[in-house]
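Chains as they are written, first to last, in the working numbering: chain R, 1 to 189; chain G, 1 to 189; chain P, 1 to 189; chain E, 1 to 189; chain V, 1 to 189; chain X, 1 to 189.
Mixed in with the good hints there might be a few duds.
[Said to hold, decoys possible] Computed list of lysine-lysine pairs in DSSO-like fashion (alpha-carbon distance at most 30 Å, straight line):
1. K130/X to K130/P
2. K31/X to K68/X
3. K130/E to K100/E
4. K100/R to K100/G
5. K100/V to K130/X
6. K130/R to K130/X
7. K130/R to K68/R
No wet-lab data here; the hints were simulated from the structure.
6 protein chains.
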Amino acid sequence: MSDRPISRFDVPDLHDLPDDIRELILGIQEKSGFVPNVFLAFARRPAEFRAFFAFHDALMDSNDGLSKAERELIVVATSATNRCLYCVVAHGAILRIRAKNPQLADQVAVNPAKADLTERERHIVDYALKVAGDSANVTDDDLDAMRAAGFTDDEIWDIGAIAALFALSNRYANFTGMRPNDEFYAMAR
Amino acid sequence: MSDRPISRFDVPDLHDLPDDIRELILGIQEKSGFVPNVFLAFARRPAEFRAFFAFHDALMDSNDGLSKAERELIVVATSATNRCLYCVVAHGAILRIRAKNPQLADQVAVNPAKADLTERERHIVDYALKVAGDSANVTDDDLDAMRAAGFTDDEIWDIGAIAALFALSNRYANFTGMRPNDEFYAMAR
Amino acid sequence: MSDRPISRFDVPDLHDLPDDIRELILGIQEKSGFVPNVFLAFARRPAEFRAFFAFHDALMDSNDGLSKAERELIVVATSATNRCLYCVVAHGAILRIRAKNPQLADQVAVNPAKADLTERERHIVDYALKVAGDSANVTDDDLDAMRAAGFTDDEIWDIGAIAALFALSNRYANFTGMRPNDEFYAMAR
Amino acid sequence: MSDRPISRFDVPDLHDLPDDIRELILGIQEKSGFVPNVFLAFARRPAEFRAFFAFHDALMDSNDGLSKAERELIVVATSATNRCLYCVVAHGAILRIRAKNPQLADQVAVNPAKADLTERERHIVDYALKVAGDSANVTDDDLDAMRAAGFTDDEIWDIGAIAALFALSNRYANFTGMRPNDEFYAMAR
Amino acid sequence: MSDRPISRFDVPDLHDLPDDIRELILGIQEKSGFVPNVFLAFARRPAEFRAFFAFHDALMDSNDGLSKAERELIVVATSATNRCLYCVVAHGAILRIRAKNPQLADQVAVNPAKADLTERERHIVDYALKVAGDSANVTDDDLDAMRAAGFTDDEIWDIGAIAALFALSNRYANFTGMRPNDEFYAMAR
Amino acid sequence: MSDRPISRFDVPDLHDLPDDIRELILGIQEKSGFVPNVFLAFARRPAEFRAFFAFHDALMDSNDGLSKAERELIVVATSATNRCLYCVVAHGAILRIRAKNPQLADQVAVNPAKADLTERERHIVDYALKVAGDSANVTDDDLDAMRAAGFTDDEIWDIGAIAALFALSNRYANFTGMRPNDEFYAMAR
Numbered sequence: 001m002s003d004r005p006i007s008r009f010d011v012p013d014l015h016d017l018p019d020d021i022r023e024l025i026l027g028i029q030e031k032s033g034f035v036p037n038v039f040l041a042f043a044r045r046p047a048e049f050r051a052f053f054a055f056h057d058a059l060m061d062s063n064d065g066l067s068k069a070e071r072e073l074i075v076v077a078t079s080a081t082n083r084c085l086y087c088v089v090a091h092g093a094i095l096r097i098r099a100k101n102p103q104l105a106d107q108v109a110v111n112p113a114k115a116d117l118t119e120r121e122r123h124i125v126d127y128a129l130k131v132a133g134d135s136a137n138v139t140d141d142d143l144d145a146m147r148a149a150g151f152t153d154d155e156i157w158d159i160g161a162i163a164a165l166f167a168l169s170n171r172y173a174n175f176t177g178m179r180p181n182d183e184f185y186a187m188a189r
Numbered sequence: 001m002s003d004r005p006i007s008r009f010d011v012p013d014l015h016d017l018p019d020d021i022r023e024l025i026l027g028i029q030e031k032s033g034f035v036p037n038v039f040l041a042f043a044r045r046p047a048e049f050r051a052f053f054a055f056h057d058a059l060m061d062s063n064d065g066l067s068k069a070e071r072e073l074i075v076v077a078t079s080a081t082n083r084c085l086y087c088v089v090a091h092g093a094i095l096r097i098r099a100k101n102p103q104l105a106d107q108v109a110v111n112p113a114k115a116d117l118t119e120r121e122r123h124i125v126d127y128a129l130k131v132a133g134d135s136a137n138v139t140d141d142d143l144d145a146m147r148a149a150g151f152t153d154d155e156i157w158d159i160g161a162i163a164a165l166f167a168l169s170n171r172y173a174n175f176t177g178m179r180p181n182d183e184f185y186a187m188a189r
Numbered sequence: 001m002s003d004r005p006i007s008r009f010d011v012p013d014l015h016d017l018p019d020d021i022r023e024l025i026l027g028i029q030e031k032s033g034f035v036p037n038v039f040l041a042f043a044r045r046p047a048e049f050r051a052f053f054a055f056h057d058a059l060m061d062s063n064d065g066l067s068k069a070e071r072e073l074i075v076v077a078t079s080a081t082n083r084c085l086y087c088v089v090a091h092g093a094i095l096r097i098r099a100k101n102p103q104l105a106d107q108v109a110v111n112p113a114k115a116d117l118t119e120r121e122r123h124i125v126d127y128a129l130k131v132a133g134d135s136a137n138v139t140d141d142d143l144d145a146m147r148a149a150g151f152t153d154d155e156i157w158d159i160g161a162i163a164a165l166f167a168l169s170n171r172y173a174n175f176t177g178m179r180p181n182d183e184f185y186a187m188a189r
Numbered sequence: 001m002s003d004r005p006i007s008r009f010d011v012p013d014l015h016d017l018p019d020d021i022r023e024l025i026l027g028i029q030e031k032s033g034f035v036p037n038v039f040l041a042f043a044r045r046p047a048e049f050r051a052f053f054a055f056h057d058a059l060m061d062s063n064d065g066l067s068k069a070e071r072e073l074i075v076v077a078t079s080a081t082n083r084c085l086y087c088v089v090a091h092g093a094i095l096r097i098r099a100k101n102p103q104l105a106d107q108v109a110v111n112p113a114k115a116d117l118t119e120r121e122r123h124i125v126d127y128a129l130k131v132a133g134d135s136a137n138v139t140d141d142d143l144d145a146m147r148a149a150g151f152t153d154d155e156i157w158d159i160g161a162i163a164a165l166f167a168l169s170n171r172y173a174n175f176t177g178m179r180p181n182d183e184f185y186a187m188a189r
Numbered sequence: 001m002s003d004r005p006i007s008r009f010d011v012p013d014l015h016d017l018p019d020d021i022r023e024l025i026l027g028i029q030e031k032s033g034f035v036p037n038v039f040l041a042f043a044r045r046p047a048e049f050r051a052f053f054a055f056h057d058a059l060m061d062s063n064d065g066l067s068k069a070e071r072e073l074i075v076v077a078t079s080a081t082n083r084c085l086y087c088v089v090a091h092g093a094i095l096r097i098r099a100k101n102p103q104l105a106d107q108v109a110v111n112p113a114k115a116d117l118t119e120r121e122r123h124i125v126d127y128a129l130k131v132a133g134d135s136a137n138v139t140d141d142d143l144d145a146m147r148a149a150g151f152t153d154d155e156i157w158d159i160g161a162i163a164a165l166f167a168l169s170n171r172y173a174n175f176t177g178m179r180p181n182d183e184f185y186a187m188a189r
Numbered sequence: 001m002s003d004r005p006i007s008r009f010d011v012p013d014l015h016d017l018p019d020d021i022r023e024l025i026l027g028i029q030e031k032s033g034f035v036p037n038v039f040l041a042f043a044r045r046p047a048e049f050r051a052f053f054a055f056h057d058a059l060m061d062s063n064d065g066l067s068k069a070e071r072e073l074i075v076v077a078t079s080a081t082n083r084c085l086y087c088v089v090a091h092g093a094i095l096r097i098r099a100k101n102p103q104l105a106d107q108v109a110v111n112p113a114k115a116d117l118t119e120r121e122r123h124i125v126d127y128a129l130k131v132a133g134d135s136a137n138v139t140d141d142d143l144d145a146m147r148a149a150g151f152t153d154d155e156i157w158d159i160g161a162i163a164a165l166f167a168l169s170n171r172y173a174n175f176t177g178m179r180p181n182d183e184f185y186a187m188a189r
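Just need the whole structure built from these sequences, with the hints factored in.
As structure tokens, then:
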């Protein structure tokens with residue numbers, strides 16, 4: 001319903017895009033029924049587009065160690081602390097789907113301390129928020145505490161890396177004024 | 001879906017409540033189909049219950065000056081800055097209904113700067129957030145700026161008063177750990 | 001000595017007020033020798049006036065659990081953190097009287113960490129300041145810690161509720177620019 | 001009335017002090033009727049004692065440019081932002097005397113934005129608070145604005161220098177836990 | 001001289017790396033005389049390694065619009081605000097080389113407000129720091145101000161994108177405890 | 001290389017200075033080969049000049065308890081948190097010399113949590129940063145913790161006092177815009 005533009009910066013026409021990017025976008029559209037605006041906003045810069053989605057897929061498309069739902073949980077929690085409208089709305093929808101839980105995304109976005117989290121999820125969210133908001137003070141003690149709570153080094157890396165990737169993504173979305181697609185708001189409620 | 005209790009403090013049985021409070025609650029249940037947990041959490045303290053809802057009705061049940069939708073907009077914006085889960089979820093639902101807009105509550109809760117607000121709404125939200133978060137620095141200049149933007153003194157008072165009332169309400173909800181009813185999450189999406 | 005107005009908003013004449021409010025104010029004047037400006041500033045809005053003082057009396061006029069001095073201690077500590085001139089000056093005077101201590105209010109207003117507090121008072125002030133300034137992070141652990149320190153659930157509720165009420169009161173006083181009466185400054189020094 | 005010690009660190013006996021310091025302290029006692037605790041707390045370190053009071057006298061004992069009352073106003077405003085109990089209580093008393101105003105110190109300590117300040121005083125306090133709290137961002141523009149408001153370079157230096165001296169003094173008082181003398185609380189009310 | 005490990009996480013042996021990554025690292029070593037630790041720390045995760053350096057090269061290896069020195073200036077300013085030791089030390093060295101200025105990196109790292117910046121550089125740094133530290137409040141007005149100061153949309157995008165990339169990079173370096181190579185400290189002084 | 005003036009305020013000619021100050025400055029020049037700008041900036045105010053350098057010498061020219069290197073470590077850590085360009089650059093050079101370590105100053109200036117500190121140095125820096133940044137919350141517990149870590153009361157006082165002195169010094173340098181001499185940047189790298 002919003003009549004804001006997708007981005008504060010010009011968005012190229014699909015037919016002006018490099019073939020790989022145009023085909024990726026058309027594939028998404030066919031699969032999802034719409035094109036999330038993040039693809040269109042990044043399309044202005046093909047090299048950054050490719051690097052961003054390579055990063056994204058490396059960290060988000062896996063159930064190895066962290067589940068996909070846990071990965072989305074990190075995205076929603078850290079994007080909320082950075083007040084990134086696009087990421088909270090879009091990944092809130094994905095979290096509702098992945099976690100099969102219609103409330104968790106709203107809870108985490110408003111206040112993680114009041115969210116219905118398992119102990120494991122709370123460790124994940126707390127560490128992710130420290131990387132997102134105060135990474136300068138992450139010390140050996142933080143890693144030791146996570147290891148003591150049962151996390152592997154690869155899981156700890158993944159949590160930090162996802163928080164770092166969305167530190168980037170939130171800033172792109174915020175400086176471009178990226179608009180969430182209407183479809184995300186009501187998805188999987 | 002949450003199995004958290006309604007409140008960290010004991011909630012009295014309906015039949016133990018003073019008549020006026022029990023009847024008010026039963027009336028709400030009949031009208032809404034459920035009892036918002038704020039009524040049950042406050043019922044522990046009848047005098048505070050009566051004072052709180054008297055305050056609430058004095059400020060929220062009016063279209064005089066500020067519309068009801070504008071009043072709910074203030075509640076969602078200030079409750080989000082205070083990270084009050086109950087108030088954002090419950091009043092987010094009411095805002096969706098009052099504003100006939102399924103996206104506005106989520107936008108304002110995540111980041112008012114990115115919300116689709118009219119100029120009038122932006123003035124309301126900015127002033128409300130100053131009262132909510134930095135009232136010590138509200139000066140004559142703030143009131144003059146609101147007057148210059150076309151607001152009456154009664155409207156300016158109402159914005160400040162609603163921000164003040166939910167400063168109270170958010171703290172009650174946060175220290176009692178008040179749980180939003182499941183019904184609110186999906187309402188009017 | 002200040003020649004500031006009582007409030008940035010018009011203050012109604014006594015004879016224009018509803019009977020119950022005018023009589024309440026005249027009763028205060030007879031008892032105290034002056035009318036605290038909070039009564040005059042709120043008189044512009046009879047419904048809010050009644051709700052505010054009902055709330056106030058429910059929480060402040062009791063020695064049940066928390067003493068009246070302890071209740072005023074909460075008011076001064078939280079009002080100072082919100083930098084509310086009216087509330088610190090007016091309730092500072094009342095705290096000096098209730099606690100029979102001419103220094104405590106100034107100490108708490110400037111820096112609770114340096115105030116001469118008993119262990120019980122320090123628990124009260126620390127918890128009240130968390131509700132006042134960071135209620136989003138009040139968790140079950142905070143309540144458990146208070147219970148372990150010997151506080152009943154009703155006392156814990158009262159501390160939070162008083163901090164919440166003055167979150168409201170401080171914001172009203174700050175947005176109206178409420179002026180403390182000259183009488184309060186030197187009272188009970 | 002407080003039974004806290006004067007300082008967290010040992011305070012030497014008067015007769016163990018170097019002659020110049022003992023005589024200075026005895027002179028103060030004769031003149032004021034009591035010895036402000038700052039003299040006793042600093043006496044542990046004669047070299048720092050001499051340097052501190054030399055600094056103090058250079059900046060505070062003058063009506064050249066800034067009046068003595070304006071100098072004390074800076075001390076109270078900046079000491080309150082640093083939440084230094086000793087300095088707010090002791091210099092609050094001196095400000096009441098110097099400004100012949102029993103309310104100004106309390107007003108400035110609680111909230112400078114609500115204090116009854118002249119336009120000149122507001123410029124002084126605002127600039128002093130920037131030096132006290134955010135000196136890293138003092139730029140040429142700040143000095144130009146002060147010059148445009150009619151302040152000489154020597155006055156601007158004095159405001160910054162007093163804010164700087166009490167940044168030191170507040171930290172000494174805070175880390176030593178320096179206790180204000182009872183005499184200061186009620187003085188010149 | 002530091003005997004800290006390169007990273008808190010295991011660093012793979014060169015001969016265990018995928019060919020493209022091993023060859024890239026050996027090429028760097030041949031060209032620079034040493035391997036910056038960022039290559040070794042990221043080598044644990046080949047997909048993230050490739051995405052990160054693709055991102056880096058897309059944004060940093062260009063004199064189109066922003067000069068390479070201006071790009072490094074953004075990195076040092078934003079990495080300092082995030083207190084990322086690796087990035088400030090390593091990119092400080094590169095900035096000294098690119099800008100042919102041995103002081104600029106230290107100035108910007110300590111306090112951009114005191115750095116010897118041209119007006120164009122100050123615009124770049126101020127906007128980059130807003131994206132780095134408060135991207136939620138970047139609005140259309142910020143972009144308009146940059147355009148009015150003579151920046152093209154591609155330059156404005158680049159500043160924001162570099163600030164975003166190092167928001168990611170700083171968090172990776174901070175959570176891995178990435179150690180700057182000794183070589184960087186003294187380079188181009 | 002910077003062409004900024006030494007100070008935003010006029011700097012007197014050497015031959016206009018009181019004899020003691022002129023001779024002290026000439027002595028420094030003969031010994032060091034240049035005159036650190038702090039001497040010239042303070043020369044505008046002879047009484048403050050004398051008090052400041054008396055304070056400085058009392059706290060910095062000693063190996064009693066704290067070593068000179070440890071004293072400079074406190075200066076760099078606290079000056080960095082106050083973002084004082086002059087003090088970080090000038091005392092960074094002195095720290096490199098005193099600690100015979102070319103990296104420590106840069107590490108501490110960017111992020112003490114990542115600096116290569118001994119356990120004793122970490123205690124010193126942590127306590128100094130609390131005095132510098134949050135002295136209002138220094139309590140008896142902080143002193144007891146330092147004593148338990150093996151520090152004498154005189155050492156604890158010295159750490160606090162040096163943090164306090166540079167709270168003053170940083171503010172003077174920041175409000176005067178004191179420029180670091182070019183010589184300091186490359187010294188002892």
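Now for the hints, and whether the structure bears them out:
| no. | hint | verdict |
| --- | --- | --- |
| 1 | K130/X to K130/P | holds (20 Å) |
| 2 | K31/X to K68/X | holds (19 Å) |
| 3 | K130/E to K100/E | holds (26 Å) |
| 4 | K100/R to K100/G | holds (27 Å) |
| 5 | K100/V to K130/X | violated (38 Å) |
| 6 | K130/R to K130/X | holds (20 Å) |
| 7 | K130/R to K68/R | holds (21 Å) |
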